[in-house]
Amino acid sequence: MDYTGFRDDELMDRLAGKDLGAFGALYDRYSDLVYSVALRVVADTHVAEDVTQDVFLRVWRRPEQFDLKRGKFVTWLLSVTRNRSIDVRRSTGRRLRREALPPVAGEEEDVIPSTDERDDPALATVLADERRAVRKALEVLPQEQKLAIQLAYFGGLTQQEIANQLGQPLGTVKTRIRLGMQKMRVALEERRGRDRNS
Amino acid sequence: MQMDCDGVAENIDAWALGALDVEEAAALDTHVAGCAACRLLADAASERAASIAMAVPLVSASHQLKARVMAAASVMSDLPARRAANASRWWFAGAAAAVAFGIGALTWGGYLQTQVSDLRDREARVRTDATAQSNQFATMRTELVQASAKNVSLGSDQDAVLDIVSRPDLQRLPMSGTNAAPAASGRYIWSRTGGLGALVTSNLPALPEGKTYCMWIVYENAWTRGGAFDVDQTGAGRLIVRDLASGQDHGAFRGFAVTIEPSTATTQHTGATVLESGLQ
Chain V
229 MDYTGFRDDE
239 LMDRLAGKDL
249 GAFGALYDRY
259 SDLVYSVALR
269 VVADTHVAED
279 VTQDVFLRVW
289 RRPEQFDLKR
299 GKFVTWLLSV
309 TRNRSIDVRR
319 STGRRLRREA
329 LPPVAGEEED
339 VIPSTDERDD
349 PALATVLADE
359 RRAVRKALEV
369 LPQEQKLAIQ
379 LAYFGGLTQQ
389 EIANQLGQPL
399 GTVKTRIRLG
409 MQKMRVALEE
419 RRGRDRNS
Chain F
1342 MQMDCDGVAE
1352 NIDAWALGAL
1362 DVEEAAALDT
1372 HVAGCAACRL
1382 LADAASERAA
1392 SIAMAVPLVS
1402 ASHQLKARVM
1412 AAASVMSDLP
1422 ARRAANASRW
1432 WFAGAAAAVA
1442 FGIGALTWGG
1452 YLQTQVSDLR
1462 DREARVRTDA
1472 TAQSNQFATM
1482 RTELVQASAK
1492 NVSLGSDQDA
1502 VLDIVSRPDL
1512 QRLPMSGTNA
1522 APAASGRYIW
1532 SRTGGLGALV
1542 TSNLPALPEG
1552 KTYCMWIVYE
1562 NAWTRGGAFD
1572 VDQTGAGRLI
1582 VRDLASGQDH
1592 GAFRGFAVTI
1602 EPSTATTQHT
1612 GATVLESGLQ
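If you read the protein sequences in the order shown, they are chains V and F. Heads up, the first sequence is in the working numbering, so the first residue is 229 and it goes up one at a time. Heads up, the second sequence is in the working numbering, so the first residue is 1342 and it goes up one at a time.
Only chain V is shown next, with the shape it has when bound in the complex (with noise of 0.2 Å):
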């Protein structure tokens, strides 16, 4: 059967029936992506790639944790991948290094076509533009602010955490994310509104 066209909450629903030829879709169109962040928060491609195993599986036992309601698709997975990433780093005993975080806005390219490009062409413009929007929101958020939000989404740090290792008082880091946060959330409702307005 050929899965292209089909929306992902679509593909989730066929999830529940166990229908692997569904889930090997939503591999295809995402694995990439949580391997990406995976690998970005543990820094080891082995257990980066144990994290997108242990994530996709999660998909395919628990279908119904996803709730289309409380948001997208893809959103929800990376929350996932995200959280699993930092759980296994925090068990390693491993903590992030401020010079070992790779670049993330505007710094580096991908080093691969998105999977999704290769999968369904539709599909691949909506996500390269999210995923351009995402990044140029970041890059325009002074280096601190930029950091402060790395350390805590990739490093899996509390503004406490951080406030220790970059030697800054706690309010500043406080300040720092809630502004960061702010300025990138104006900045993806800007885009969303150039959007509907074209």
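Possibly wrong hints are sitting among the right ones.
Said to hold, decoys possible - Computed Cβ-Cβ distance ranges for the label pairs, DEER-style:
id	chain 1	residue 1	chain 2	residue 2	range
1	V	A244	F	E1561	41 to 51 Å
2	F	L1381	V	D241	23 to 33 Å
3	V	H274	F	P1603	19 to 29 Å
4	V	Q396	F	E1351	14 to 24 Å
5	F	A1367	V	Q410	17 to 27 Å
6	F	D1362	V	G233	40 to 50 Å
7	F	D1362	V	D237	33 to 43 Å
8	V	D256	F	A1521	41 to 51 Å
9	V	N392	F	H1404	18 to 28 Å
10	V	H274	F	A1613	18 to 28 Å
11	V	T403	F	D1370	50 to 60 Å
12	V	D237	F	P1549	29 to 39 Å
13	F	V1363	V	T320	18 to 28 Å
Hints listed in this document are in silico derivations from the structure and should not be mistaken for laboratory results. All values reported here derive from a predicted model rather than from experimental measurement. In this text, a Cβ means the ideal position worked out from N, Cα and C, and glycines have one as well.
Dock chain F against chain V, hints included.
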């Protein structure tokens, strides 16, 4: 610690990034659970935070990974409602073994202590014998603990399957029906280094009363028992195999076999082979 709507608004982005400490996060969670407006805020913040992950430069996962994931999903779909029963059965078996061992160890330990105490008053030669016996007991105890831990630590069939498919030496083998069961077939995924495997069968004949199917790992000098299983009306059966003899020297590895054996526990294969792989 409590948090009101203003507190949620102030902390929601840090919460979505996972950057609040445990106490703050718990307070925010509690408030959001009972406040519809803040729940909307939380969902939006979560989505915004998750979108950060989309900015990561894409790196390709290996093709082998897809094969692993699909194989694991395929096996998991063959392990439906029986999973919980199997998991609890393994847990129970492990726990029972541990309890039995504990009782045995206490009894045996007490017996030894009495023996050694008596012997100490007699001759040095007998004391030496008692020490040797004690050492033997210690070795036996270690082996039993290892075997018990091997059973208990795996937790559930799903965890075992995850464990198997995570192994770098994962192999997927077809199993063929013999003349005794020509319509039968099976699949076996296993990791030799991990001493772990998952067997799925179909079209096995119904079992006579008092009989069960047994899975064997066949070495040149021994057949080691992988476990017993029953089949449903269609001949479908499933088994997580833990090769406790893995790593022991039984000669060259030859393959796998499924035989029909008495339901009473047996460590020797006696019945007809109905499925096999690699034994030709």
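Verification of the supplied hints:
{"no.": "1", "hint": "V:A244 - F:E1561: 41 to 51 Å", "result": "47 Å, holds"}
{"no.": "2", "hint": "F:L1381 - V:D241: 23 to 33 Å", "result": "24 Å, holds"}
{"no.": "3", "hint": "V:H274 - F:P1603: 19 to 29 Å", "result": "44 Å, violated"}
{"no.": "4", "hint": "V:Q396 - F:E1351: 14 to 24 Å", "result": "19 Å, holds"}
{"no.": "5", "hint": "F:A1367 - V:Q410: 17 to 27 Å", "result": "24 Å, holds"}
{"no.": "6", "hint": "F:D1362 - V:G233: 40 to 50 Å", "result": "45 Å, holds"}
{"no.": "7", "hint": "F:D1362 - V:D237: 33 to 43 Å", "result": "35 Å, holds"}
{"no.": "8", "hint": "V:D256 - F:A1521: 41 to 51 Å", "result": "42 Å, holds"}
{"no.": "9", "hint": "V:N392 - F:H1404: 18 to 28 Å", "result": "42 Å, violated"}
{"no.": "10", "hint": "V:H274 - F:A1613: 18 to 28 Å", "result": "43 Å, violated"}
{"no.": "11", "hint": "V:T403 - F:D1370: 50 to 60 Å", "result": "23 Å, violated"}
{"no.": "12", "hint": "V:D237 - F:P1549: 29 to 39 Å", "result": "50 Å, violated"}
{"no.": "13", "hint": "F:V1363 - V:T320: 18 to 28 Å", "result": "20 Å, holds"}
Consistency with the previously given hints fails for numbers 3, 9, 10, 11, 12, ordered from lowest to highest.
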